[in-house]
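Under our numbering, residues 1 to 460 are what the sequence shown spells out, in order.
Hints are computed from structural coordinates only; laboratory data are not their basis. Check before you lean on any hint, since a few could be wrong.
[What the hints assert, rightly or not] Heads up, simulated SDA-like pairs for lysine to any residue below, C-alpha to C-alpha not over 25 Å straight-line:
id, residue 1, residue 2
1, K405, P89
2, K418, P91
3, K155, R171
4, K187, V425
5, K198, E398
6, K405, L180
7, K160, L92
8, K305, L197
9, K405, A181
10, K198, I408
11, K187, Q396
12, K155, A277
13, K170, Q396
14, K170, N18
15, K237, A277
16, K305, Y259
17, K155, N142
18, K405, G53
19, K237, L364
[Stated by the list, open to error] If you anchor each label on the Cβ, the simulated ranges turn out as follows:
id, residue 1, residue 2, range
20, A192, A152, 20 to 26 Å
21, K286, Q413, 55 to 61 Å
22, S61, A181, 51 to 57 Å
23, P310, K60, 24 to 30 Å
This one's a predicted model, so the numbers in the text were calculated from it and none came from an experiment. Backbone N, C-alpha and C fix where the C-beta goes; we use that ideal spot for every residue, glycine too.
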Amino acid sequence: MRWAVSELPQGWAFASLNELQAQGGIFADGDWIESKDQDPNGRNRLLQLADIGDGRFIDKSSRYVNDETFDRLNCTALEEGDILLARMPDPLGRACLMPRLPQRCLTVVDVAVFRSGSRDISHSWLMHTLNASPIREEISRNASGTTRKRIARGKLAELKVPVPPAAEQKRIAQKLDALLAQVDTLKARIDAIPALLKRFRQSVINHGVSGSLALDQHASFDTTTWRNMRAEDVCTKVQSGGTPKEGFTTEGIPFLKVYNIVDGIIEFEYRPQYIAADIHQGSCRKSITIPGDVLMNIVGPPLGKIAVVPQGVDEWNINQAITLFRPSESISSAWIHLVLLEGTNIRRVSQETKGSAGQVNISLSQCRDFVFPVPPTQIQDEIVRRVEQLFAYADQLEAKVAAAKQRIDALTQSLLAKAFRGELVPQDPTDEPASALLERIRAQRAAAPKPKRGRKAATS
């Protein structure tokens, strides 16, 4: 660490991870387990990097080794409460505590295992400290590798952390555990909101197309006056495109593909393609698109990518994976867009679609047979207005949720930083200073018998 000793709270001291390891403790890499060593029927679970979360065990992997391999490779059995440190991203150096699991466990070589062996060192406090930004930054500074960063266990062993008295460690750990549990609850609630908003938007669309949004405020609106019409009969044009054998140019008429329909809008700047004007007016004339046309992909998955050609652009063209729906005096672009987003037509024809393996196609004839509910144009406009109004409310809420998520994400590091500086819990001048516990650990290690040679060397 780059703090001066004078900056430490009273009773604190600096120590490396090596210096926090007492007699009976371990600080080693996980085991080098190759694919040939694994056994899906084994009784020993092999934890992976994916299991190591930022302050929490994720419990994601499902790999095993058998007892014979565990003994032959002299594997390290993990214990509940061990600190597991990820020596590879992401993020590099994240740490969590080993939970109670039903199987005997070991871990891969890119996860370091720390077990203090001293009752004076709180593993919960140390895990939180290792996840604090100053330590994480120090780990990054000591990492090596070009394509993928890695921290050697030897570098981790030299890492200096500010150590509080043993009693204060426990107070810090208890406080952090309680506060971070509340943060996790907030995160879970915030993370659930985007899915709720997605369902809300779809519900708004569904109610809009059914007429119930209008009926909420206009009891006189009677859906019995609406007509169900085939797309081919109510639209000026329903047409898919095609790909010309020649005529692609570096400039000219924009030629749209499905990948240009992104999140409900057309993004031509992404991988733009052009065709020559004579091709546009010749072999591709049938699929000329103009502002106000509603475009929908007919090759998936996924189906249902829909966008309106914006006003203010010149003529464009489309390939065979897109169909255009052109509005008429009886049906507006916005209403076509809304009905297609509602999804009934796509769901219905999906039962009849066919294509190559992994692909779903909707034919042009199926598109022309789409059934559109067609209210009077003034009602179309009113429903679209209300849908857009409710979508605007949802957009505002989504922005607030994103801002709240940023604040909550920063809250964890803010709490860890306060703990790191000794500002999270009250300090007790009667606590035994950290220097005393560190001296006790040094004395225990000095008095311990030297380990016999022959045990596997921990890799770094």
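So, going through the hints one by one against the coordinates:
{"no.": "1", "hint": "K405 with P89", "verdict": "holds (22 Å)"}
{"no.": "2", "hint": "K418 with P91", "verdict": "holds (21 Å)"}
{"no.": "3", "hint": "K155 with R171", "verdict": "violated (29 Å)"}
{"no.": "4", "hint": "K187 with V425", "verdict": "holds (24 Å)"}
{"no.": "5", "hint": "K198 with E398", "verdict": "holds (10 Å)"}
{"no.": "6", "hint": "K405 with L180", "verdict": "holds (15 Å)"}
{"no.": "7", "hint": "K160 with L92", "verdict": "holds (17 Å)"}
{"no.": "8", "hint": "K305 with L197", "verdict": "holds (19 Å)"}
{"no.": "9", "hint": "K405 with A181", "verdict": "holds (16 Å)"}
{"no.": "10", "hint": "K198 with I408", "verdict": "holds (22 Å)"}
{"no.": "11", "hint": "K187 with Q396", "verdict": "holds (19 Å)"}
{"no.": "12", "hint": "K155 with A277", "verdict": "violated (64 Å)"}
{"no.": "13", "hint": "K170 with Q396", "verdict": "violated (43 Å)"}
{"no.": "14", "hint": "K170 with N18", "verdict": "holds (20 Å)"}
{"no.": "15", "hint": "K237 with A277", "verdict": "holds (21 Å)"}
{"no.": "16", "hint": "K305 with Y259", "verdict": "holds (9 Å)"}
{"no.": "17", "hint": "K155 with N142", "verdict": "holds (7 Å)"}
{"no.": "18", "hint": "K405 with G53", "verdict": "holds (19 Å)"}
{"no.": "19", "hint": "K237 with L364", "verdict": "holds (11 Å)"}
{"no.": "20", "hint": "A192 with A152: 20 to 26 Å", "verdict": "violated (40 Å)"}
{"no.": "21", "hint": "K286 with Q413: 55 to 61 Å", "verdict": "holds (58 Å)"}
{"no.": "22", "hint": "S61 with A181: 51 to 57 Å", "verdict": "violated (24 Å)"}
{"no.": "23", "hint": "P310 with K60: 24 to 30 Å", "verdict": "violated (43 Å)"}
When the structure is compared with the earlier hints, violations turn up for hints 3, 12, 13, 20, 22, 23 and for no others.
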